[in-house]
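Chemist: Sequence:
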Amino acid sequence: MSLVFYTNPMSRGRIVRWMLEEVGEPYDTIVLDYGDAMKSPSYLAINPMGKVPTLVHGDAVVTETGAICAYLADAFPVADLAPRDSERAAYHRWMYFAAGPVEAATSNRSLGVEPDEQQSGMLGYGSFDLTYQTLLFALADNPFICGERFTAADVYFGSEVMFGLQFKSLQEHPLLCAYRDRLTERSAYQRASVLDDAALAGDS
Numbered sequence: 001m002s003l004v005f006y007t008n009p010m011s012r013g014r015i016v017r018w019m020l021e022e023v024g025e026p027y028d029t030i031v032l033d034y035g036d037a038m039k040s041p042s043y044l045a046i047n048p049m050g051k052v053p054t055l056v057h058g059d060a061v062v063t064e065t066g067a068i069c070a071y072l073a074d075a076f077p078v079a080d081l082a083p084r085d086s087e088r089a090a091y092h093r094w095m096y097f098a099a100g101p102v103e104a105a106t107s108n109r110s111l112g113v114e115p116d117e118q119q120s121g122m123l124g125y126g127s128f129d130l131t132y133q134t135l136l137f138a139l140a141d142n143p144f145i146c147g148e149r150f151t152a153a154d155v156y157f158g159s160e161v162m163f164g165l166q167f168k169s170l171q172e173h174p175l176l177c178a179y180r181d182r183l184t185e186r187s188a189y190q191r192a193s194v195l196d197d198a199a200l201a202g203d204s
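Using UniProt numbering, the letters of the sequence shown correspond one by one to residues 1 to 204.
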């Protein structure tokens with residue numbers, strides 16, 4: 001089955017590009033401009049949100065970046081990026097933590113939204129400081145989020161960390177910086193960055 005990847009290099013599609021390079025299967029890339037292309041009837045028929053990334057694998061359509069990473073890990077087990085039995089709890093715990101509390105906390109911080117104590121009790125992430133300390137907790141004992149081995153959860157969780165450090169929504173900390181450095185050394189990450197940077201420059 002063919003893999004078709006809808007993206008924009010200035011989006012979370014960079015995460016999925018990295019995951020696709022980790023998987024190592026051939027795929028076609030369709031770069032969509034913000035605006036009319038993402039809101040066209042043909043694209044909305046695939047992703048009604050009118051956002052990227054979207055992955056089409058044969059007849060299957062997958063949206064939401066974390067879900068795409070997890071789907072690819074399951075769909076291509078030869079890449080060995082899905083969790084083993086002993087890793088499954090940590091894999092799901094931290095993947096969803098990144099997609100929920102980390103995404104919400106850093107987005108609100110970037111927008112200048114600071115909930116008061118009463119509002120914090122209503123939010124899934126509680127407070128930014130609590131979310132940040134939990135990030136550090138997750139990385140305190142192991143080089144990767146599930147332990148000693150890199151998995152698809154590191155693509156998603158790690159991207160949230162890297163974006164946060166890059167755009168200053170997360171304060172630098174030795175644990176976060178060391179984790180980022182381990183991830184950016186991966187050849188798949190580097191290949192994905194070259195491809196996305198070329199697309200951003202209009203070279204592909």
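No lab work stands behind these hints, which were simulated from the structure alone. Note that the Cβ used here is the ideal one computed from N, Cα and C, for glycine as well. Don't take each hint at face value.
Said to hold, decoys possible - Computed beta-carbon distance windows for the label pairs:
1) D116 / R88: 17 to 23 Å
2) E172 / P77: 34 to 40 Å
3) G121 / P26: 29 to 35 Å
4) R88 / A60: 19 to 25 Å
5) S193 / T63: 19 to 25 Å
6) G58 / E172: 41 to 47 Å
7) V4 / G35: 18 to 24 Å
8) F167 / S120: 18 to 24 Å
9) D80 / E114: 39 to 45 Å
10) S86 / E114: 15 to 21 Å
11) A198 / D129: 24 to 30 Å
Chemist: None of the hints should be skipped; say for each whether it holds.
Modeler: Each hint tested on the structure:
1. D116 / R88: 17 to 23 Å: Distance hint for D116, R88 is violated at roughly 37 Å.
2. E172 / P77: 34 to 40 Å: holds (36 Å)
3. G121 / P26: 29 to 35 Å: violated (48 Å)
4. R88 / A60: 19 to 25 Å: Because 22 Å falls inside the window, the suggested range holds.
5. S193 / T63: 19 to 25 Å: holds (23 Å)
6. G58 / E172: 41 to 47 Å: Since G58 and E172 have Cβ atoms about 42 Å apart, the given range 41 to 47 Å holds.
7. V4 / G35: 18 to 24 Å: holds (21 Å)
8. F167 / S120: 18 to 24 Å: Given about 23 Å between the Cβ atoms, the range holds.
9. D80 / E114: 39 to 45 Å: holds (41 Å)
10. S86 / E114: 15 to 21 Å: About 39 Å separates the Cβ atoms of S86 and E114, which means 15 to 21 Å is violated.
11. A198 / D129: 24 to 30 Å: violated (39 Å)
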